[in-house]
Amino acid sequence: MDAGRVEIPGSAPQHAENASRSPVSPGEPLTVSVILNHPDAADVSAVENFAHEYGLQVVEASAEKRTVKLAGTAAQMQAAFGVQLAHYGSAISYAGPITVPAALGGKIMAVLGLDQRPIARPRS
Amino acid sequence: MAFENKVPLPGSERRPFPKAKQVGPVPPAEPVQVTVVLRRRGGKPAHQPGAVLPRISYASFAEEYGADPKDIALVERFAHHAGLTVVEHNEAKRRVILSGPADAVAKAFGVQDFSCCVVEPQGQQFRTRTGSLSIPRELADVVIAVLGLDTRPVAHAQFRVRPAQQAAVSYTPLQVAAMYNFPTSGNGAGQTIGIIELGGGYSASDLQTYFSQLGVQEPTVTAVSVDGGQNSPGSDADGEVMLDIEVAGAIAPGASIAVYFAPNTDQGFIDAITDAVHDTTRKPSVISISWGGPEDSWTQQSQTAMNAALQDASTLGVTVAIAAGDNGSSDGAGDGKLHVDFPAASPYALACGGTTLNGSGTSISSETVWNETASGEGATGGGVSNVFALPTYQQNAKVPAQPETNFVGRGVPDVSGNADPATGYQVLYDGQNTVVGGTSAVAPLWAGLIALLNQQLGSPIGYLNPKIYALPESDFRDITQGNNDDSGLGYYSAGPGWDACTGLGSPNGAALLSALGGGTTSGA
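Protein chains in written order, with my numbering: chain P, 1 to 124; chain D, 1 to 524.
It should be emphasised that the hints constitute simulated quantities derived from the structure, not laboratory data.
Being a predicted model, the structure only gives us computed values, none of them experimental.
Heads up, some of the hints might be wrong.
Stretch by stretch, here's where chain P covers chain D in the computed footprint (C-beta under 8 Å, at least three residues) [unchecked claim]:
| no. | region |
| --- | --- |
| 1 | 288-301 |
| 2 | 436-445 |
| 3 | 491-503 |
Just so you know, even glycine gets a beta-carbon here, dropped at the ideal spot from N, CA and C.
Take the sequences, apply the hints, and build the full model.
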C-alpha cells in the first residue's frame with residue numbers, strides 16, 4: 001500500500017549521548033497530536049484514513065485547529081510513525097525522525113506527544 | 001440509623017496556632033471545600049518515602065494503587081446524608097472533594113473551635129480548628145485524612161520570592177498600573193483573558209482573599225482542561241498560576257479569566273494554545289504565557305507547530321503576551337552562549353522583558369533593565385533569535401545581527417515592564433502573602449492592559465507587533481540604562497529606542513490607548 005515513507009522535517013529530538021534508556025511497554029496508551037500544514041478538511045480526512053489503516057483511534061479532528069488527535073498503544077504508534085519509543089529518564093521519547101506514508105508527505109507539520117519530556121519552565 | 005456513631009480520625013489532631021489572632025467563629029454559611037483522602041484498594045501498602053515503585057502507566061495506576069470504588073460510593077452516601085455536595089471524585093487520586101456551608105461541614109467531621117484568624121501585620125484571613133476530627137464508624141479505616149478545614153499557612157518550597165516584610169520595595173499590581181498610566185475608565189468588562197499553565201493550580205479562596213484585600217471586584221476565573229491537565233494546586237508552580245491570575249485580574253477585574261491547564265510537554269503546550277485560540281465558548285481576546293525554554297531546546301517540528309498556532313492566533317485577532325525569560329542573555333542554558341527563550345522568540349508573540357521600577361503614586365523615579373545577577377535574583381531574557389528571521393515590523397528597529405552567528409534574526413523582547421523581585425509584586429498563594437518577580441509578571445500585566453484597551457476600543461487590537469513598531473517612541477517609556485549580561489558574555493545593553501533588554505520600553509497605557517485609536521487619554 002504505502003510505496004514508501006517520508007520524514008517529518010525537524011522531528012528528531014536531541015538526547016544527551018549518555019541518556020539512560022529503558023523499554024516502553026508495548027501496550028502503553030498514548031495520544032498524539034498531528035499538526036497539519038494547512039487547515040484543510042481533505043488533509044484531515046487523509047490523516048483519519050491513515051489512522052484507520054494503523055488501528056489508531058481518532059480522538060479529535062479539527063481542520064480549523066489544524067489538529068488531529070490519535071490514540072493507540074505504543075506498539076501501534078511505533079508502526080504508524082516509524083520510530084522506536086523508549087523511556088529516556090522518566091519520560092517517553094524516541095530517537096531519529098518521525099516518518100509517515102509518502103501520501104501524507106507535505107500535509108503534516110508535526111507529530112507531537114511521542115516525546116513527553118518537559119519543555120518549559122515558569123518564568124517567575 | 002447509618003452514620004450516627006462517630007470515631008476519632010487518627011492523626012487529625014490540630015494544636016492551637018499561637019501566632020494567629022482569633023477574629024471570631026467561622027460564619028455558618030461560609031462555603032468550605034474539603035478533600036477526603038481514602039485508603040488504597042486491596043490493602044496495598046502506603047507509599048514509603050524513598051521507595052522506588054515499579055513503572056506503570058497512568059491508565060493502570062488507578063487499578064493498582066487507587067481507591068476502591070465501593071469506598072468512594074460510601075463516602076458519597078455519607079456526603080449526601082450530611083447535606084454536602086460532591087465536587088469531584090477520583091479513584092487514581094484516592095480522593096473525594098466535598099463542599100458545603102461551614103456549619104454542615106463542621107458537624108459532618110466533628111470540627112472543634114472552628115475559627116477565623118489573622119496573622120499580623122499582613123492581615124490575611126484563614127481558618128483554624130483544634131483537637132481531633134471525628135468520622136462515622138462506617139468510614140473508620142476507609143478515610144485517611146480530611147483536608148481543607150484548617151487553612152493556616154504552612155511553609156512552601158523555594159521560589160523567586162521575598163517575604164513581604166523583607167522586600168526592599170514591593171507593589172500591588174494596581175500601584176504598578178498607576179505608575180504606567182493605565183487607563184482608569186474601564187475594567188475589562190466583556191473581555192476574556194486566557195492564561196496558559198503547564199502545572200500547578202489556583203485556590204479560589206486565596207483569590208477571593210487577595211482581590212478583597214486589594215479592594216477590587218473578583219474576576220470570574222474558570223479552569224479549562226487540555227490533554228488531561230487539571231487545576232491541581234500543591235506544587236511550586238502554584239506561584240506562577242496565582243501570580244498570573246492575580247496580576248491580570250487586578251488590572252482588569254471586569255474581565256473573565258480562563259486558565260488552560262495542560263501537561264508540560266511540547267504537545268500539551270501547543271494544544272493548550274490552540275484550544276485557547278479556538279475556544280468559541282470563552283473567546284479570549286488576549287492570552288498570557290509565562291512559561292518557556294531556550295530556543296534551541298525545542299525540536300524544529302514543535303517550534304514550527306507552536307509558531308503556526310501563534311500565527312493562527314494573530315489571524316484570529318488574539319494577542320499573545322509571552323514572558324521573555326528570567327536568566328539574562330544566556331537564558332540559563334549554561335553553555336557559554338547567547339540564547340533567547342521560546343515561544344517568546346516567535347515573531348507572533350508579544351515578547352515581554354523586565355525592568356527594575358522605583359516610584360510612587362503616578363510618578364516613576366527610576367526604571368532600568370532588571371539585572372540582579374550579582375544577588376542571584378535573575379535578569380531579564382532578551383537577544384536575537386537564531387531560528388526566526390528579522391520580521392518586517394522590526395526592520396527599522398536597529399536589531400543587531402546575532403553576535404555569534406551573524407544571523408539576521410527576530411529581536412526579543414518587544415516590550416517590558418516591572419519584573420525585578422527586589423521591586424516585585426505583592427501576591428497571595430498557598431495561603432501566604434509573598435513578593436514575586438520575573439518576566440512572568442510582565443506577560444499578565446500586558447494581558448490585563450490589552451483587555452482594558454480592547455474594551456475601550458470596542459474591538460480586539462489583535463496582532464499588536466506591527467502596530468507598536470510604527471508608533472512614536474513617546475508612546476512607550478524608553479528604558480536606556482542597564483544590561484542583561486548574566487554570564488560575562490558582553491551582551492546586551494539598553495539604549496535609546498528598541499534594545500534587546502526591554503524592547504520598545506515599558507507601557508504608557510493612556511498614550512497607547514490614544515495612539516491605537518481610543519478616545520481621550522485618562523489616568524494622571
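Now the hints, each set against the structure:
no.	hint	in the structure
1	288-301	holds (count 9)
2	436-445	holds (count 7)
3	491-503	violated (count 0)
This entry does not satisfy hint 3, going by the numbered hints stated previously; all others are met.
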